[in-house]
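Residue numbers (the UniProt record's numbering), protein chains in the order written: chain A, 1 to 194; chain B, 1 to 196; chain C, 1 to 216; chain D, 1 to 195.
FYI, nobody ran anything at the bench for these hints, they're computed from the structure. We treat Cβ as the ideally placed atom computed from N, Cα and C, and that holds for glycine. Hints should not be assumed to be uniformly reliable.
Claimed, not checked - Calculated cross-link-like contacts (lysine-lysine; reagent style DSBU-like; alpha-carbon spacing at most 35 Å):
no. : chain 1 : residue 1 : chain 2 : residue 2
1   : A       : LYS75     : B       : LYS137
2   : A       : LYS168    : C       : LYS80
3   : D       : LYS83     : B       : LYS169
4   : A       : LYS151    : D       : LYS85
5   : D       : LYS27     : A       : LYS93
6   : D       : LYS11     : C       : LYS80
7   : C       : LYS154    : D       : LYS85
8   : C       : LYS212    : B       : LYS157
9   : D       : LYS11     : A       : LYS75
10  : C       : LYS88     : B       : LYS53
11  : D       : LYS83     : A       : LYS185
12  : A       : LYS43     : C       : LYS154
13  : B       : LYS25     : A       : LYS93
14  : A       : LYS18     : A       : LYS93
15  : C       : LYS96     : A       : LYS185
16  : D       : LYS170    : C       : LYS73
17  : D       : LYS11     : A       : LYS22
18  : D       : LYS192    : C       : LYS61
19  : C       : LYS154    : D       : LYS40
20  : B       : LYS114    : A       : LYS168
21  : C       : LYS154    : D       : LYS5
22  : C       : LYS106    : B       : LYS55
23  : C       : LYS96     : B       : LYS157
24  : D       : LYS11     : A       : LYS185
25  : D       : LYS40     : A       : LYS187
26  : C       : LYS64     : D       : LYS170
27  : D       : LYS158    : C       : LYS64
28  : C       : LYS61     : D       : LYS11
29  : C       : LYS168    : B       : LYS137
30  : B       : LYS137    : C       : LYS212
31  : B       : LYS25     : C       : LYS64
As the list claims (entries may be wrong) - Sample of chain A residues at the chain C side, in silico, Cβ under 8 Å:
no. : residue
32  : SER4
33  : TYR6
34  : LEU7
Stated by the list, open to error - Cβ-to-Cβ under 10 Å is the rule here; a few derived chain D residues that face chain B:
no. : residue
35  : THR137
36  : ARG141
37  : PRO142
38  : PRO143
39  : LYS144
40  : LEU146
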Amino acid sequence: MANSNYLSISDILVTNEKVPCKFLLDLPKMGFLDPSATENDLKAGTNIEIPLWLAESLYTRRPPLVSVDLPKIYKETYREILNADSCTVDMHKLGQHFYELGCYIAKHDIKGEVSSTLLNTFRQRFKMILSASVSTDSINSVQPLSMSERKRTEAAVVTERALSSWLKIGDCPLTTANMVANHRKRKRAEMELL
Amino acid sequence: MDPFEIEFIGENRIVSIIPNFSHDKIYLICGEFGPFRAGLPMNVPLWLAVMLKQKQKCRIVPPDWMDMEVLENIKEEEKRSRFFTKMPHEHYMVEAKLLLGAAAEDIPRASEVKTIIKDIWDIRMSKLRTSMDALMKSGGSYGRLDHLTMMEINSVKPLLPQAMDELHKIKMMTRTSASATLNNSTFTQSGSSQNI
Amino acid sequence: MDAEDIELSDDEEEITAESVLKTLQNAWQNERLAPEILPHHNDMVECMLGQIQHMERNINKLPKTDLRSCIHKMELNRIKYIICNYLKTRLGKIEKYCIAIVNEEKQRIEAGTNYLTPSEFRYAQEYITNMESHLKNTILNHVPGNMQSFELNKMAIYPNFYCHVFLKANETINGIILEDLLGDQDEEIDIEEDSQHILQYKPIADLVKNGKVQLV
Amino acid sequence: MFGEKVIELLKEAERNSDTIDLYNDEKIRQIIQEMHILFKMNMDDANATTENKSLWTTVQVRHSALERNKRCLLAYLYNRMNKIKTLRWEFGSVLPPDVRELLSDSEYEWFSKYSTNLASYMRSLGEDIGYSGIDLTENLRPPKSLYIEVLCVTDYGKLELEDGDVIMLKKNSRHYLPTEECQTLIRQGVLKQII
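Please work from the sequences and hints to get the whole structure.
Here's what the structure looks like:
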C-alpha cells in the first residue's frame, strides 16, 4: 500500500527529529548546518545532528553524503535498559516519538536489534497504557509516555468514560457540537482577558 | 462506535410485554406485531417495549435469564472459567440496562438483579483487560474472542486494534533489518494464536 | 397502514421491507467498521426512503394522539438514523480517501463493478477539484516554478488494509491466511459459524463484501 | 530556511486540535518568500556547476528543503481544510462572523464550495423516487424519544414548529419540543437538553 503520510502533521513532526550524522563529503555553502562551524562550506568528517528528513535525503544520494548514527535511546546501553524493563523509562524526555522515529531509524542499525527492542518495548508498555486507561488518576501520574502512547491512552480514557456514562444515563443525550462548544469556550476566555 | 449506538442495535431484540390495552396488529417496517390483547403476553422489539412502558401501556415480562438463580450460576461460572462464558445473549447488558431502568417494578428482586449483572460485567471486563495484555504479549496479530458481546468488544476500541496495528507497522517498517538477524534476536515472535 | 412487500426490479424473488431493513442495517454496521469504502447499497436506501415516504403520508392521516402515530414515528426515526449515518460514514471516507477512491472507481466503472453511486462519484470529483483550486490559490501558484505542481500521487491517502477488525462469521470459512511478517510461516485459520475473531482486514475484505462475515 | 518556520506553524496547529486558529497569512508569506530565496540560490549555483561540480550536491540539498517546505505548507492547509469541513457540519452553511474571520479568503471560498457540493449531494438523495433530498446534518444520534425537554441558552427569537405553532425561545426558558425539530438548535448551542 502506498505511503499515506504526505499530509500528516504528526509524520512531519517525527521526521523533524534530529539524528546524529557524519558527513562523508564536502558540502559547499552548507556550513550553516553546523552551529559551531565558521566556514562557508561543510567539511567531510563533520559530525552534527540534523533533522531526519534532511538526513534521509542526504543518505539516499549515490554515493551517500552522510552516514546516519542512532540517537542514543536506540543505542545498546538504552536497548539493554528497555529490554529489561521499559516501563521505567521516561519516554516523554527520552523518546517523544520513540516508536515512529525508531521505525525510520531501524535501517541504520547494523546489528538489526532496534526492531526487536521497539516491539518488545511496545508490548511491555502496553500494560501501562491499559491500566492508565481505567485508572481514576490523571494520565500524568503514570510513567511519562511518548506522544503516541499518550494519544492512545487518551483515546482509551474517552472510551472508558463513554462506557461508564452509558451505564449510568438512561437517555442518549443530545449535545452541542464540539467545535461550536470549543469556539464558544475560547471566545469566553478571550473576553475575560480583556 | 458509541455505546449508545450499540444500544441502538441491541434495541431490535425481541422481548415480551403484557399490554393493558387492546389493539389490532401493527404493521411496522421491521415486522408485524400484535394483536395487542389486554393482559395477554406478546412480543415486541425492545425499543417499543420501553416506549410503551414509559407511556404506561404495558408491563414487561422479565426475560428468563433475569432471575437471581440463573444469574448466580452465570456469575459462578464466569468466576471459575479462564475463558469468557456464554452470556444469555449478545445484548444482555443493553437489555438489562433498559429494562431495569424503565421497568424495575416489573422485575422481581430488581436491585439484586442489577447488582449481580454489574458484578458479572465487572468480572468480564477485568478478564478482558488481562486477555488484551496476554494477546499483545503472545504476538499481537490475531485473537479469538468467542462469547464476548458487542458492547464488550466495543469497550476495547480503539485501544486493542490500534495497538495491534502499531505492532504490525513496526514489523513492516523494520522488516529488512529484522529479518537479517532474526535468529539472534533476543525476542521470540510467536505466530500462534491467542485464545481470549 | 401497511408496510407493503416491495419488489426490487432486478430480482425475481419478492423481498420484504423487513429483510431490506435488516440488510441495510448490516451494511451500515460494516461500513462503520471497515477501513475502506464498501460497495454501495443504493437500492436498499431508496427502498427504505420509499417506505418512509409511504409511511409518513399514512401517519399524517392519523389523529395526533393515536398511539400508532408515535410508534411509527419512532420507527421511522430509527431508520432515518441508520440511513443518515450510513451515508455520512461513506461521505467521510470519500473525502478522506478521495484521490485513491476516484482512481480506483474509474477502473471499476469500466468493469461495471462500481462501489460509489453516481452522485457520490460526482461529489468525490468535485471535492478533488475544489481541493486543488484552493491549494493552488493559496500555495502552489505562489511558490517557485518547479514546486507548483499539484501532485495527486503524493497527496493520496489510502485506507489501511492492515488494520485490525473484529468480526463474527455468518458461516464456516476455511483457510484464511494470516501473514507472518517476521518469519516465513504464514498461519492458516478456519473460522466456524458464529465464532468471533480479531484479525487484519486484508485477508477478510472480500468476505465482508460478500456477506460471509459481519464486522462487530 | 530549512523548514524551521513552517514547523512552528504546524506545532501551533497541532496544539489546538479542537478549534481553528486565525489563518497565519504573515508566516505563510515569509515561508514562501524564503522558498524563493532558496530557489534563486539554486538557479545561481546550478549555472556555476560547470566550474564546480560539487555545487551540484548543494543544489540537490536545497531542492530537498524546498520540497519539504512545500509539503509542510500543504499539510498546514490540508489540516485546516478538515477543520473547516467540521465547521460546515456543526455550524451549518452560515458561519458566525467571529469564526468566519479566522479563515483566509481562499479558505472561505473553499468553505462555500464545499457547502455547495455537499448541498447538491444531499439534494440528490432519493431523487429517483421523488424525494427532495435528505439533510445528513440531522439525525446524528440514535433516537430515544420523540419529545425532549430543553433549556434555551440565548435569546434566539421565534421558532415555528411543523404543526404551525410558534414558540418564543428566550434565554433560560424551558420547552418540551419534538426531538426532530430541535436537534439542530441543540448542536448549534442555542438549546440544551435537560436530562
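request  = Would you mind confirming whether the straight-line C-alpha gap from LYS137 of chain B to LYS212 of chain C stays at or under 35 Å?
outcome  = holds, 30 Å
task = For the pair supplied as a hint, LYS27 of chain D and LYS93 of chain A, confirm whether the alpha-carbon distance does not exceed 35 Å.
result = Within the cut-off at roughly 29 Å; holds.
ask   = Does LYS11 of chain D pair with LYS80 of chain C here, judged by a C-alpha cut-off of 35 Å?
value = violated, 40 Å
query = Regarding the hint that SER4 of chain A lies at the interface with chain C, is the smallest CB-CB distance below 8 Å?
reply = holds, 4 Å
ask   = Is the straight-line distance between the alpha-carbon of LYS88 of chain C and that of LYS53 of chain B 35 Å or less?
value = holds, 33 Å
ask   = Can the restraint linking LYS11 of chain D and LYS75 of chain A be considered satisfied, given a maximum Cα separation of 35 Å?
value = With a Cα-Cα distance of about 28 Å, the restraint between LYS11 of chain D and LYS75 of chain A holds, given a limit of 35 Å.
35 Å limit on alpha-carbon distance, applied to hinted pair LYS114 of chain B and LYS168 of chain A = With a Cα-Cα distance of about 12 Å, the restraint between LYS114 of chain B and LYS168 of chain A holds, given a limit of 35 Å.
query = Taking only the CA atoms, is the gap from LYS75 of chain A to LYS137 of chain B under or equal to 35 Å?
reply = holds, 24 Å
message = Would the hint linking LYS83 of chain D and LYS169 of chain B be met if the CA-CA limit is 35 Å?
response = holds, 27 Å
query = Against chain B, with CB atoms and a cut of 10 Å, does the hint on THR137 of chain D hold up?
reply = Status violated, d = 17 Å.
query = Holds or violated: are the alpha carbons of LYS158 of chain D and LYS64 of chain C at most 35 Å from each other?
reply = Measuring from Cα to Cα gives roughly 24 Å; hence the hint holds.
task = Grab the minimum C-beta distance from LYS144 of chain D to chain B and call the hint holds if it beats 10 Å, violated otherwise.
result = holds, 8 Å
In summary, the numbered hints that this structure violates are 6, 13, 22, 25, 28, 35.
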